[in-house]
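The task is simple: from the sequences and hints, build the whole structure.
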Amino acid sequence: SQKIEQNSEALNIQEGKTATLTCNYTNYSPAYLQWYRQDPGRGPVFLLLIRENEKEKRKERLKVTFDTTLKQSLFHITASQPADSATYLCALPPDYGQNFVFGPGTRLSVLP
Amino acid sequence: KAGVTQTPRYLIKTRGQQVTLSCSPISGHRSVSWYQQTPGQGLQFLFEYFSETQRNKGNFPGRFSGRQFSNSRSEMNVSTLELGDSALYLCASSLEGGSNSPLHFGNGTRLTVT
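The listed protein sequences derive, respectively, from chains A and B. Take the first sequence: its letter number 31 is residue 119 in the numbering used here, and every next letter is one higher. Take the second sequence: its letter number 106 is residue 837 in the numbering used here, and every next letter is one higher.
These are calculated hints, taken from the structure and not from any lab test. For clarity, every value in this text was computed on a predicted model and none was experimentally measured. Every residue, glycine too, gets a C-beta built ideally from N, C-alpha and C. Any given hint could turn out to be false.
To be verified - Some, not all, of what chain A presents toward chain B, calculated at C-beta under 10 angstroms:
{"no.": "1", "residue": "L135"}
{"no.": "2", "residue": "A171"}
{"no.": "3", "residue": "N187"}
{"no.": "4", "residue": "F188"}
Right, here's the structure in full:
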């Protein structure tokens, strides 16, 4: 069955630096991958989708890469701000008989 | 457009009781999925409904059930509650589901079983 791992449970960085979060998956070859942001007490919010034929996708200060050979996606936040502090989740699309599979998430704290 | 609305926001129940949670999807969205989120297990898929039919189901016991109405609103029911059912229950809607369209989540119902 699909398995998703995210590099660390928590990540602390200084304001202004680039945060890099990792999502690794096994036993699957997804056609695309999604990233979500979740704030405490709220539901996840969709951020970006990247397809297997796209090496990189950008949205404002966010950048996502997708390496189907390494079975890995990297999520970057440049010029990070304290407001970027949240849990970030990667998600794989539905496999047969299942729905979106989410990684465990990485809790990012941007320190002023 | 209004977002996904879940009611109630908080619920406290006793072991053995049953509970019904409600979800109103974004207008025009036909797919509604339910997820359970706990600190230990993360987001776990419960089931998905599309046009009033259950289309996919996760690995949860039969005590967890759901339904979808003709207006796409959905309810999930948990019977014979156990302590381990304490969790944040999230509903998500999407246009068609099962595709590359993103999920739009509500803010969840926090269920505490005592």
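Consistency of the hints with the structure:
no., hint, in the structure
1, L135, "holds (9 angstroms)"
2, A171, "violated (19 angstroms)"
3, N187, "holds (5 angstroms)"
4, F188, "holds (6 angstroms)"
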